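**Q** Same order as they appear, the protein sequences are chains X and Y.
In terms of my numbering, the first sequence opens at residue 71 and continues consecutively.
In terms of my numbering, the second sequence opens at residue 82 and continues consecutively.
Read the hints as simulated data drawn from the structure, not as lab findings.
Where hints are given, some of them may not hold.
Unchecked claim - Derived BS3-like pairs: lysine-lysine, alpha-carbon spacing no greater than 30 Å straight-line:
1) 236/X - 87/Y
2) 211/X - 87/Y
3) 138/Y - 216/X
4) 134/X - 330/X
5) 279/X - 229/X
6) 229/X - 87/Y
7) 216/X - 87/Y
8) 217/X - 105/Y
9) 105/Y - 211/X
Note that the coordinates shown come from a computational prediction; the quantities given were computed from them, not determined experimentally.
What follows is the residue order along each chain.
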Amino acid sequence: MSIAIDARNISKIYRIGRAEQKRDTLVGACMNLASIPIRNLRRLRSLSVFGGNQDEEDTIWALKDVTFQVHTGDVIGIVGRNGSGKSTLLKVLSRITPPTRGEARIYGRMSSLLEVGTGFHPELSGRENLYLNGTILGMTKAEIVKKFDEIVDFAGVEKFIDTPVKRYSSGMRVRLAFAVAAHLEPEIMVVDEVLAVGDLAFQRKCLGKMNEVGESGRTVLLVSHQMSQLRRLCKRAIWIDGGAIQKFGPTAEVLGAYEKSMSGDENQSLWTVRESRRKASFLGWDIAEPQPRQPNVVETHGAVVVRFHLQVMQPIHDGHHDLFLYDAEGRLVWGTVASDLELEPGKHAFVYTLSSLPLRPGSYSWRVTLYDRATGLIDRQNCVPELLIATEPLGHPRDEWAGFLNFPHTFRAVRDNHTARADRPAVSVTR
Amino acid sequence: MLPDRKELWRYRDLLFFLVWRDVKARYAQSVLGVGWAIIQPLFSMIVFTVVFGSLAKIDSEGRPYAIFSYTALVPWTYFSNAVSTSTGSLITSSGMLSKVYFPRLIIPLTPLLSKLIDFGVGFSILFVLMLWFQVTPTLNALYIPLLLMVLMLAAGGMGMWLTSLAVQYRDVNYGISFGMQLLMYAAPVVYPASLVPDAYRSFYALNPMVGVIEGFRAGLLGTTPMPWDLIAIGSCTALLLFVTGALFFRHKEAAFADVV
Chain X
71 MSIAIDARNI SKIYRIGRAE QKRDTLVGAC MNLASIPIRN LRRLRSLSVF
121 GGNQDEEDTI WALKDVTFQV HTGDVIGIVG RNGSGKSTLL KVLSRITPPT
171 RGEARIYGRM SSLLEVGTGF HPELSGRENL YLNGTILGMT KAEIVKKFDE
221 IVDFAGVEKF IDTPVKRYSS GMRVRLAFAV AAHLEPEIMV VDEVLAVGDL
271 AFQRKCLGKM NEVGESGRTV LLVSHQMSQL RRLCKRAIWI DGGAIQKFGP
321 TAEVLGAYEK SMSGDENQSL WTVRESRRKA SFLGWDIAEP QPRQPNVVET
371 HGAVVVRFHL QVMQPIHDGH HDLFLYDAEG RLVWGTVASD LELEPGKHAF
421 VYTLSSLPLR PGSYSWRVTL YDRATGLIDR QNCVPELLIA TEPLGHPRDE
471 WAGFLNFPHT FRAVRDNHTA RADRPAVSVT R
Chain Y
82 MLPDRKELWR YRDLLFFLVW RDVKARYAQS VLGVGWAIIQ PLFSMIVFTV
132 VFGSLAKIDS EGRPYAIFSY TALVPWTYFS NAVSTSTGSL ITSSGMLSKV
182 YFPRLIIPLT PLLSKLIDFG VGFSILFVLM LWFQVTPTLN ALYIPLLLMV
232 LMLAAGGMGM WLTSLAVQYR DVNYGISFGM QLLMYAAPVV YPASLVPDAY
282 RSFYALNPMV GVIEGFRAGL LGTTPMPWDL IAIGSCTALL LFVTGALFFR
332 HKEAAFADVV
């Protein structure tokens, strides 16, 4: 497979302001005042000059030794906290700003979309802005002419195409801007959090377009905070923190780890069980069916068989066992209990057949316990690795509206002939 | 390390639309519209005619002072507006600079072209004035496109130098309109170049606007024979300004997005 983006040891230093020294005496203050232009000059000069000393106190490393390769046709998601260096990385890759060290090689024609509507001028008409914005993004006039009707149609602004953009509603402006961007046809595309625009119908359109882009064999780098979107679009993901790559791999794993880090690790090893009391201990867990590519990843909306393996050292009579499932934020999602367990020494497995695991994609953790009448608590464990739900998100495209569950559903609008019948009990809908 | 011409050519449509935006947006929602392009040189001419022509009685080489000064004001207004807009251009387009990649050189070159519209309008008024004052142009007027080239080279060179500096040191941007006012007196706008002592003539001609303005006067008003010595020296400065400006811009452009 050929390589589209080859980033080698990219580092970027930014200069942040430094606190000015204050003088206490009147003479000192006057001297200070007189030297302001000189200090200003030095400060402004330093904006573009970096000395050999990398640990200067007023600089920050926005990126530090970032190395990765993207193959042609890959759709890669980038996640990370605010200020983690995602946007800087995109800026370096798209040549807006040079790396302080290292280099990024791009093989192919690249368009970056860090903002929709760059260069829009309120006084110009929709048509003029469309041409302007298109050429800024790297299209030629001929390309725009060819796609003009399609773009206008996508944005849904036919009637207003010759109206100055300042008379547009903000929604219309954004739709027009995005429509231009959506019709770019570069080989490599770098997109920063721009899909969350417009109303729901428009968002669906955009997602559809992004899917198309992903399937058309183009290379895409996509920054988003919408995890469901990334899960839907990307095969692999990069998690950046503190200017460095934390994890680069399959989307489910990377996003799972990222979400887990965001929620903190406070539910790790809540309890420790004293070894002396241990009659049995849990060894691990896996997914038995459907045969997963990885033993902790669920990729189906259908039935799932989960096994918890344990080693029993001494016979257990009248035991009982709890199973809890927590989400990445430590909220209990589901729990169950089994009792009257009789276990002989040896290896055992608790096997759960779940008709489905209709959870929204993300990382979850199992907590298993085992008690018996004589000893009380025998073992209690937070299972490692975590359960990763990597199903296709089927709910609302916006994370905040998608809810906790995720399952296949159908929708159709039908004419309802029964509601008008008087003999049925009236049910009123309250708003 | 000259600018990548192939890349510039690929983005030629962007240059066109930026010029279009400049022209259209400048006069949008104004009553006089493009009439503003006439007002600036016309009113300067009236003031100069009263102050320098009638009161100070500066020699206008046998032509009415009004048309004498207006002929200089058309290229000077272009130069002054193109350079000051070009100087501020990178700062004005900081949004674009930090969000998308394109050949940065397009930004300071845009005013060079968009101000040509104003130049054209001002120039056509010059013809009206020539009819009014019954001045016949000489054959040397055919050299005007050449002079315009020198004018654009000089303005472009200054623009590239100053905008690269202004992006980091805003002082340049604040000082430019004041600087342009002063520079006007270093060019033969309100007085003829013949007032400058011969000993200093070559030094004076280092200002590319000297050759351009005197060339305009010689061609259109026939005040003097075509001053080729002034034009030759000025063209060299203009070319030097342009080439060094492009090199300096090239040298600085990578950091624009970071310092703007």
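**Q** Straight-line Cα separation of residue 279/X and residue 229/X no greater than 30 Å?
**A** With Cα atoms ~23 Å apart, residue 279/X and residue 229/X stay inside 30 Å; holds.
**Q** Below or equal to 30 Å on CA atoms is what counts here, so check residue 105/Y against residue 211/X.
**A** At roughly 18 Å apart (the allowed maximum being 30 Å), residue 211/X and residue 105/Y satisfy the hint.
**Q** Measure nothing beyond the straight line between the CA atoms of residue 134/X and residue 330/X; if it is 30 Å or shorter, mark the hint as holding.
**A** Holds. Residue 134/X to residue 330/X sits at ~23 Å (cutoff 30 Å).
**Q** Under the criterion that the straight-line Cα-Cα distance not exceed 30 Å, is the pair residue 229/X, residue 87/Y satisfied?
**A** violated, 38 Å
**Q** Against the 30 Å threshold, does the CA-CA distance of residue 211/X and residue 87/Y hold or violate the hint?
**A** Holds - the C-alpha atoms of residue 87/Y and residue 211/X are around 17 Å apart, at most 30 Å.
**Q** Does the alpha-carbon distance linking residue 236/X and residue 87/Y stay inside the 30 Å limit?
**A** violated, 35 Å
**Q** Is the Cα-Cα distance between residue 138/Y and residue 216/X 30 Å or less?
**A** Between residue 138/Y and residue 216/X the Cα gap is close to 62 Å, so the pair fails against 30 Å, i.e. violated.
**Q** Does the structure keep residue 217/X and residue 105/Y at a Cα separation of 30 Å or less?
**A** Distance of about 24 Å is within 30 Å: holds.
**Q** For the pair we were handed, residue 216/X and residue 87/Y, check the Cα-Cα distance against 30 Å.
**A** Cα-Cα ~23 Å, so holds.
Going through the hint list in order, the structure does not satisfy hints 1, 3, 6.
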